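S.K.: Please model the entire structure based on the sequences and the hints provided.
Residue 4 in this note's numbering sits at position 4 of the sequence shown, and the numbers go up by one each step.
A few of these clues could be false.
If you anchor each label on the Cβ, the simulated ranges turn out as follows [stated by the list, open to error]:
#  : residue 1 : residue 2 : range
1  : G4        : R24       : 25 to 35 Å
2  : P48       : R13       : 13 to 23 Å
3  : E33       : R13       : 11 to 21 Å
4  : P6        : L31       : 13 to 23 Å
5  : T8        : A29       : 17 to 27 Å
6  : Q46       : T3        : 26 to 36 Å
7  : R50       : R21       : 13 to 23 Å
8  : V17       : V51       : 11 to 21 Å
9  : R50       : V17       : 12 to 22 Å
10 : A18       : V52       : 15 to 25 Å
11 : P6        : D36       : 16 to 26 Å
Note that these hints are calculated values from the structure, not bench results.
All of these numbers come straight from a predicted model, not from anything done at the bench.
We put the beta carbon where it would ideally sit given N, CA and C, even for glycine.
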Amino acid sequence: MATGDPATDEVLRVWYVAVTRARRLAAIALLEEETDALARLLTERQVPVRVV
Numbered sequence: 001m002a003t004g005d006p007a008t009d010e011v012l013r014v015w016y017v018a019v020t021r022a023r024r025l026a027a028i029a030l031l032e033e034e035t036d037a038l039a040r041l042l043t044e045r046q047v048p049v050r051v052v
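M.R.: Here is the structure:
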């Protein structure tokens, strides 16, 4: 589990699948309060992340 909250974890799983299936680049626009959780999840799984 990423957060312990089933609803949040499901959203993170959906984002993870979408981003990791991207061949070269994925750009995501999301609320600032969601950025850390998604970046942490991807980083833990060795997906390169750059937040701008």
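S.K.: Please go over all the hints and tell whether each is borne out by the structure.
M.R.: Quick rundown of the hints versus the structure:
1. Here the CB-CB span from G4 to R24 is close to 33 Å, well matched to the stated 25 to 35 Å.
2. Checked against the hint of 13 to 23 Å, the pair P48 and R13 passes, with Cβ atoms roughly 19 Å apart.
3. In this structure the hint that E33 and R13 lie 11 to 21 Å apart at CB holds, the actual value being about 18 Å.
4. Taking the beta carbon of each, P6 and L31 are about 19 Å apart, inside 13 to 23 Å as hinted.
5. Between T8 and A29 the CB atoms are about 18 Å apart, so this pair conforms to the stated range of 17 to 27 Å.
6. Separation of Q46 from T3 is about 20 Å and departs from the stated range, judged on CB atoms against 26 to 36 Å.
7. Judged by the Cβ atoms, the range 13 to 23 Å given for R50 and R21 holds: they are separated by roughly 18 Å.
8. Here the CB-CB span from V17 to V51 is close to 20 Å, well matched to the stated 11 to 21 Å.
9. The beta-carbon spacing between R50 and V17, approximately 20 Å, falls within the hinted interval of 12 to 22 Å.
10. Checked against the hint of 15 to 25 Å, the pair A18 and V52 passes, with Cβ atoms roughly 19 Å apart.
11. Taking 16 to 26 Å as the suggested C-beta distance range, the pair P6 and D36 conforms, at roughly 19 Å.
Checked against the numbered hints above, the structure breaks only hint 6 and satisfies the rest.
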